[in-house]
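Next come the chains, spelled out residue by residue.
Number of protein chains: 2
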Amino acid sequence: MLLRMSTLFLRTLREDPADAEVPSHKLLVRGGFVRRAAPGVYTWLPLGKLVLDNIADLVREEMNGIGGQEVLLPALLPREYYEASNRWTEYGDTVFRLQDRKGADYMLGPTHEELFTLLVKGEFTSYKDFPVVLYQIQEKFRDEARPRAGILRGREFHMKDAYSFDIDDAGLQRSYDLHRGAYVRIFDRLGLKYVIVSAMSGSMGGSASEEFLAETEYGEDTFVRSTGSDYAANVEAVRTPAPPHLPVEGLPEAVVHHTPDTPTIQTLVDFLNGAALGREFTAADTLKNVLVKTRRPGEAAWEILGIGLPGDREVDMKRLEAAVYPAEVALLDEADFAAHPYLVKGYVGPNALLANKLRYLVDPRIVEGTVWTTGADQHDHHVVDLVCGRDFTPDGTIEAAEVREGDPSPDGTGTLYTARGIEIGHIFQLGRKFTDTFGLDALGPDGKPKRVTMGSYGIGVSRLVAAVVEQSHDDKGIVWPRSVAPADVHVVGTGKGEQIEVAVRLAEELAAQGVRVLVDDRKGVSPGVKFTDSELLGIPTTVVVGKKLAEGLVELRDRAGGGHSEIALDATVATVAALVKDA
Amino acid sequence: MLLRMSTLFLRTLREDPADAEVPSHKLLVRGGFVRRAAPGVYTWLPLGKLVLDNIADLVREEMNGIGGQEVLLPALLPREYYEASNRWTEYGDTVFRLQDRKGADYMLGPTHEELFTLLVKGEFTSYKDFPVVLYQIQEKFRDEARPRAGILRGREFHMKDAYSFDIDDAGLQRSYDLHRGAYVRIFDRLGLKYVIVSAMSGSMGGSASEEFLAETEYGEDTFVRSTGSDYAANVEAVRTPAPPHLPVEGLPEAVVHHTPDTPTIQTLVDFLNGAALGREFTAADTLKNVLVKTRRPGEAAWEILGIGLPGDREVDMKRLEAAVYPAEVALLDEADFAAHPYLVKGYVGPNALLANKLRYLVDPRIVEGTVWTTGADQHDHHVVDLVCGRDFTPDGTIEAAEVREGDPSPDGTGTLYTARGIEIGHIFQLGRKFTDTFGLDALGPDGKPKRVTMGSYGIGVSRLVAAVVEQSHDDKGIVWPRSVAPADVHVVGTGKGEQIEVAVRLAEELAAQGVRVLVDDRKGVSPGVKFTDSELLGIPTTVVVGKKLAEGLVELRDRAGGGHSEIALDATVATVAALVKDA
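For the protein sequence lines, the chains are A and B, in the order given. Residue numbering for the first sequence is 1420 to 2002, as defined by our numbering. Residue numbering for the second sequence is 1420 to 2002, as defined by our numbering.
To be clear, the hints were calculated from the coordinates, so they are not data collected in a lab. Do not rely on the hints blindly, as some may be mistaken.
Given that identical chains are not distinguished, each listed pair holds provided it fits within a single copy or across any two copies.
Claimed, not checked - Calculated pairs, BS3-like style, for lysine-lysine (alpha carbon to alpha carbon, straight line, at most 27 Å):
no. : residue 1 : residue 2
1   : K1540     : K1942
2   : K1540     : K1445
3   : K1712     : K1942
4   : K1540     : K1776
5   : K1612     : K1776
6   : K1547     : K1867
7   : K1967     : K1869
8   : K2000     : K1915
9   : K1764     : K1612
10  : K1712     : K1967
11  : K1942     : K1547
12  : K1737     : K1521
13  : K1915     : K1612
14  : K1712     : K1445
Computed from a predicted structure; not experimentally measured.
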């Protein structure tokens, strides 16, 4: 491959684009890799297309390596299949919807579980046919509310999505592990720094699920890590360690106090500490009861849910949403309180909820034998020394409280701290959610139908272009890893005709050796501009054919390490070809 | 590449799909290359994806060969750019439209002239930057009224679209010629039988334009060819040769006759021949005047158009539409006749039209000195011996009359006959239609802006898969040309374990030589089924490891030629590798 800058469809920019905030967005636009076409919608210019293709090929290679078979599904997805899985409704505003000329509804595919399930159902019928792994590399569409950061979060983007089909759970685990291994190899080959975090599966349903997050300060995914171990997890997936149960014997009786004008935790704590009750109260001693309502998909009625958590913690809505998924969550309105007059705003306690058969779930820290100050279910009253397991018994636990830096790590080693990353891959054990919907069975060896179980595995191919740049750049430009660079070598001819002629000859000889070459053969462009462009474009190796040509020397530059060295012109092709081959 | 049928995601079908009418549709579904996902929307299964990729790579190679640079534009196209070119309106029902969550309008890209023009305008500014050829291979969307014939006419399909930008007409001609040459090489390498026909450019506007049509009886494009030359053209593009003008001197006076109850050509001819006028009349002696109305884009008012043509010919609506494009055409209704009482239904002549300043265009055969019988603009009256150029002078000519088998070829050699084909490529000299819309200028050497001129060039990549099958199949299945076949060799192991083991070993050895291999390693499948599948799938070369294995022999089969031969097992890898390499 030989690209000539004299004719290449490329104009680099000296200024950052006005709408760009993150390095990858700035550099990919300035380097002429992408151009914005509409909000969250980008055009790939020649160099950008090469990078995108390199990443896609690398992904393809590893997917083929685990026996994945490449197919290609349409972007236009008929409504009926998504009605069956209820995702036509669940997706809400996040997908693009359209009608054809006959009024039939379609969505533009954001992910393809439904069609893959139907595809396999159409072809495979026997347990002997399984396992099978199918994948595609395809443009996807999501109507993001706030497309941002260039190609990091676009509305039209490239994904590799794979789906595994197995006849039993052990098979699914094997398929899952194969994908996990392939993903590790892919991200390692891309030279990325990443963590694998436990994840909730969001709208995908299902059980085991991990995310691959490329670590970067501009990532929009927050995750937590342990100071003392490899533990890393999405905030939604953090499981709060429950303290040991305590004996309830000998604990003082619960007593209701008149606590005028104390509807908030702070006013309550201040009142109690001013009331000379013989001990000091903190927010952590109080039991805050947050009321929400939830509604399961397809149902009309909302159900009230009381959530009890220590008074020094807030409810994290994303954790709450993940905990109740696939039900949706809303706050109570005045009508709800009017319909349930025993719920006294600001003074709700466990017992009014439990006595009225409303669902009451508590933070895992609230275990038997813990002692709480909480609402007494009447205005201006709280109860002190209410004991869990003695005075009230919750319906269960829920992971809805915020996770804080310094919280103990769920694996028992170290404490948690927060980091940011870009989601580059996601693997799910979907289980039978979609195969149940569409009745995908395989005839077992005993002649009986067996429900197939399924995994789904995504990689953000276009997002990876940005993730690589986020992790691999300096103040001068991009530093492409060789595995994805648009070329191996950038031959820069500076100055007058002869140097450019030699640069072109070198480039042609290198290309003949199978090296992918970009040659700067532009005339009338200063060496300074050429070097600036070269650093911005970030090709791993640069060969400068400049003033020393008269002495038979060219300069070799290493973009990543910054090293320079002079080598004999005659030795250049062999040296560079060997360097590329060994890399 | 080594594909194993024991694990391949492939189930062939013995029956034609119920909705399939054309061979390519039947065979691509039966062979497990594609599956229908929605009307006109298809999924590509592993073997189909390989064929599609092979064709795309071949197209890519030839496009790169003429200096084309590959980019990738989005499918989501914002309305504003298409408003500017008026195509937001012109496309009518033929595109998919949608709104994002903010209510902004988009269409799914059917073709990308607007965005390419803007893209080039954003980067290139000087005459030194040109010419440039950009292309993409991408999924396109069109909301066909009647999607049909499988992937031949789908609603989501793959196209290569290229755009050339030049600073002058000579440059555009060079870019056009380069594309024409590349297209010839592409279709030749695909082994297609095709013709290049002059074409009207339809909604693309512009001037010079040719279509590449793959000849097949199931093609939906009709074109005409000459019996005596290479002339071929779309019916819309046929230019009727005009006869020489004749002297008007000495021709008899025009006479109005009472011709009661003769509103049609046939009743008129019958009446005249019964009226003892001293000569025999035929339909070809009469001048039929057809009234339509046209409306230019963006205008509210319709304009009446009279079309004069020999009475033995009908108006061909597609030719008429192409002739008046971009105006639209409609028939007159009662209100139009009421508003123009001098237009006497069934008896319209040239003179009422011309006297009332209505536009009157005639078939090119109606030249000065030709003598006609036509309507006299009063009920039950016709005029005989009305002479063109003496008694009426039309406003010009129009190509609206039907083209018939036996018409003289426009190039003067032979006569025309009708054939059918599939449009596989289309090249246009667009000129400045889009560069005018978006003001794409290049600064000339004189420092003055020069309007850039543009070409656009399409190849239906997914349609080519079907076109190849249409031309290359027999009653047993597909016969893939090696250039696009999903594999070079199909190794079929029949019978018991040992034959399959040897087949797999052969396949692995061939794959190690760089041969693309599909091996039938299925156990418990009869040789008959395997042979039937092999013929259906249509891999160019088959190696059968069967009963003769005991004698150290395997069988070599040529799918296209049908030849069989036995060769020594030991020589198989070398023989087949050489055969593939030489092809």
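Quick rundown of the hints versus the structure:
{"no.": "1", "hint": "K1540 with K1942", "result": "between (60 Å within a copy, 22 Å between copies)"}
{"no.": "2", "hint": "K1540 with K1445", "result": "between (45 Å within a copy, 21 Å between copies)"}
{"no.": "3", "hint": "K1712 with K1942", "result": "neither (69 Å within a copy, 57 Å between copies)"}
{"no.": "4", "hint": "K1540 with K1776", "result": "neither (44 Å within a copy, 68 Å between copies)"}
{"no.": "5", "hint": "K1612 with K1776", "result": "neither (50 Å within a copy, 78 Å between copies)"}
{"no.": "6", "hint": "K1547 with K1867", "result": "within (13 Å within a copy, 72 Å between copies)"}
{"no.": "7", "hint": "K1967 with K1869", "result": "neither (74 Å within a copy, 41 Å between copies)"}
{"no.": "8", "hint": "K2000 with K1915", "result": "neither (31 Å within a copy, 45 Å between copies)"}
{"no.": "9", "hint": "K1764 with K1612", "result": "neither (48 Å within a copy, 81 Å between copies)"}
{"no.": "10", "hint": "K1712 with K1967", "result": "neither (76 Å within a copy, 75 Å between copies)"}
{"no.": "11", "hint": "K1942 with K1547", "result": "between (64 Å within a copy, 11 Å between copies)"}
{"no.": "12", "hint": "K1737 with K1521", "result": "between (39 Å within a copy, 24 Å between copies)"}
{"no.": "13", "hint": "K1915 with K1612", "result": "neither (43 Å within a copy, 51 Å between copies)"}
{"no.": "14", "hint": "K1712 with K1445", "result": "neither (43 Å within a copy, 54 Å between copies)"}
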